[in-house]
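Undergrad: Please take these sequences and the hints and turn them into a complete structure.
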Amino acid sequence: MFIWSIRQWMVSRRNLRCVGCDLSPTYNRFNCKSAIMHLDQFMRRLVEAPARPLELRHPQFPTLSHDERIMLRVLQAACEPRETTSARKAAEQLVCAGAGELCDCARRYGQAITPAGLRLSSFRQLRLAWSASS
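Just so we're aligned, residue 905 is where the sequence shown starts under my numbering, counting upward by one.
Note that these hints are calculated values from the structure, not bench results.
None of the values given here were measured: they were computed from a predicted structure.
It is possible that part of the hints are untrue.
As the list claims (entries may be wrong) - Pairwise CB distance ranges, derived in the manner of DEER restraints:
{"hint": "1", "residue 1": "E1005", "residue 2": "R917", "range": "18 to 24 Å"}
{"hint": "2", "residue 1": "N919", "residue 2": "R986", "range": "38 to 44 Å"}
{"hint": "3", "residue 1": "A1001", "residue 2": "P966", "range": "31 to 37 Å"}
{"hint": "4", "residue 1": "P1019", "residue 2": "S990", "range": "23 to 29 Å"}
{"hint": "5", "residue 1": "C925", "residue 2": "S990", "range": "30 to 36 Å"}
{"hint": "6", "residue 1": "F934", "residue 2": "P966", "range": "18 to 24 Å"}
{"hint": "7", "residue 1": "R956", "residue 2": "N932", "range": "31 to 37 Å"}
Where a beta carbon is used, it is the ideal one built from N, C-alpha and C, also for glycine.
TA: Structure, rendered in structure tokens:
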């Protein structure tokens, strides 16, 4: 859900659409609408001070970009108390300033989706669940 969300966030922003309006149906379905606010803060931090041009793919694209993998790593590590340094190092690859704030946004997002039964324990076992090209 995170990858789709960050991709959809970019599409919504580029098309001058309401990000919350576009993401709400999905987050409402999982009963974790408050996560949208934290995702928005995360993405705003990214676009305010990117370390370099970042690649985010179209929401239905079947593979992750290198930058999306780093974002997922930030999210996963930020949600693990013993991984604070790892989260910050990953965040520093994405932003030139504010890595700590990016990690905080990721941690809050992770906390907001956890009650919905969505866990971030591992992204090493990602599988393509659906693709427009399937």
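Undergrad: If a hint holds in the structure, say so; if it does not, say that too.
TA: A quick look at each hint next to the structure:
1. E1005 to R917: 18 to 24 Å: holds, 19 Å
2. N919 to R986: 38 to 44 Å: Cβ of N919 to Cβ of R986: about 40 Å, so the range 38 to 44 Å holds.
3. A1001 to P966: 31 to 37 Å: holds, 33 Å
4. P1019 to S990: 23 to 29 Å: The hint (23 to 29 Å, Cβ to Cβ) holds, given that P1019 and S990 are roughly 24 Å apart.
5. C925 to S990: 30 to 36 Å: Check passed, 34 Å falls within 30 to 36 Å.
6. F934 to P966: 18 to 24 Å: With a Cβ separation near 22 Å, F934 and P966 satisfy 18 to 24 Å, so the hint holds.
7. R956 to N932: 31 to 37 Å: holds, 35 Å
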